[in-house]
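Peer 1: Quick note, the sequences are listed as chains A and B, same order.
If you're matching positions, the first sequence starts at 1 in the working numbering and goes up one per residue.
If you're matching positions, the second sequence starts at 1001 in the working numbering and goes up one per residue.
Incorrect hints may have been included.
What the hints assert, rightly or not - Listing some non-contacts, in silico: residues in chain A with all C-beta distances to chain B over 10 Å:
no., residue
1, T95
2, R108
3, R150
4, L240
5, G313
6, A333
7, L335
Unchecked claim - With the Cβ distance kept under 8 Å, some of the chain A side facing chain B (calculated, not the full set):
no., residue
8, Q180
9, A184
10, L187
11, A191
12, A195
13, K212
Treat the hints as calculated values from the structure; they're not laboratory data.
From a predicted model like this one, the values you see are computed outputs, not experimental measurements.
Even for Gly, the Cβ is constructed at its ideal location relative to N, Cα and C.
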Amino acid sequence: MQDASDKGAPPLPDAKTAEATPPTVSEARLLSVLDTAADGIIVIDERARILIFNKACEKMFGFRAADVLGENVKMVMPGEYAREHDEYIGSYIRTGVKKIIGIGREVRGRHSDGTVFPLELSVGEAQTPEGRQFIGILRDLRPRKESEQRLAELQSELVHLARVSAIDEMGAAIAHELNQPLTALMLYLQAIRRAHAKGVDIADRIGDVLDKAVGEADRAGHIIQRMRQFVEKRDPERRLCDIEPLIDDAIDLTLLGQHHRIRIERRSTPALPPVMVDSVQVQQIVVNLVRNAIEAATQALEPVIRVETRRDGNSVVLAVQDNGPGIAPEAMAGLFQAFASSKRRGMGLGLAISRTIAQNHGGDLMVDPGGNGRGACFSLALPVAAADSDAE
Amino acid sequence: MRVHVVEDDVGVSDSLGLILMNLGHEVLSYPSAEKLFAAAPPTASDVVIVDLSLPGIPGGQVVRWLQRLAAPPRIVVISGQSQGAIDHQLRGLDRIVLVRKPLDADTITSVLAAA
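Between the sequences and the hints, there should be enough to build the whole structure, so can you do that?
Peer 2: Dropping the structure here:
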């Protein structure tokens, strides 16, 4: 406030007072409050001229109070707000319609170096003998945005880690699956090599055998491809997806090398509306649910798991039902918690991460624990993409 | 020599059959244990190559069944599974000739000679 004197803005009575006489007790108290406040505080008059610009504001915007007092508050706003701001104030004064006063909102401010940054702004007004004044309290949202960003990154890392962990646990099964085409490929090539070495005429068969060898190499390639898509690090990306093929691919991946003895009943619903999802993350949930179901079902005499889809209001629901013993009541409490798994293998992250992914998509993951001869049933609900929901 | 191949994977079964015929053997292929059981049983002079992970009746059971025949054939077990899974299936069985996948022609030649 003392800096106001340097400015010497003539039409501002406050500034003059501060220059002329020492502050009164209440003035001194106010000054101290302003400069101690962690939030930025700006007071402007009806013509948007800055009357008060506290220390927190100086730090936030990189302007000294002396440089801004008496100036239009537009100077701390990026262009698009600055153009409209006078009109906002004018409109409020004319109509009394409050667009921001009394309501907090997220806006953007402009630093003296030109950087535009997010702010939380709440505005109050005061009738003073010197006319109407507006008080803005500002909080720099950058630290919060940064921590939100960091949190999102960590979460995405964890989701990826869980995928890698799932593939790691499936490693032996995948090795087995790769061994088949590699064996066939090797034997086809060696058969040709031997025939050739012995001078056997194989001209009429060589094309056929080579085609088969290429087919086997192709099969090995597909297994690698399917795995790679699942474990590669990538940024989360949401797209409009048809959920059925996503589910089928995920089941294929899960069944690599372990299809024996398990019967999968797959029931799809025709013409399900699309969902807006990160396809790899959704497949991660499916892989997790199907693996769990297989593990539970193997305790049954004739293991069967049922994977079905249906529409439920504005959600698309995927249900994975096994015919195992159900989930014990004592295991229910920690079921969706990380590291609470009773399984020997893995990190116990599967269900916790699956539910997090579902909720990040605006959906949820629920369980019917079954028991008494019924297996467990996990249901993944995902919201129907906006344009396709009933609300539209 | 007559060689029976019990293997559900079409590619492996076909290529194994090809190389065995190349080696001058008579080859009979079965996609499952059930199909083998339904056919005329192998004789003592035959060799049976059994994959452990079969649909339905598992390979370990095939080995037990073959060993209980009056005149059991020679048996070669093949598998692409982990050692743990193999040990589990073959528990209690001895004198088993085991070859882990991927297979190659030289290995097959030598185990057929040894079996």
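Peer 1: Take the hints in turn and mark each one as holding or not.
Peer 2: Evaluation of the provided hints:
1. T95: holds (76 Å)
2. R108: Correct as stated: the minimum Cβ-Cβ distance to chain B is 57 Å, above 10 Å.
3. R150: holds (39 Å)
4. L240: holds (37 Å)
5. G313: holds (40 Å)
6. A333: Label holds. Min Cβ-Cβ 32 Å, cutoff 10 Å.
7. L335: Its Cβ never comes within 10 Å of chain B, the nearest being 28 Å, so this holds.
8. Q180: holds (5 Å)
9. A184: holds (3 Å)
10. L187: Since the shortest Cβ distance to chain B is 4 Å, the answer is holds.
11. A191: holds (5 Å)
12. A195: holds (6 Å)
13. K212: holds (7 Å)
Every hint from the earlier list agrees with this structure, and none is contradicted.
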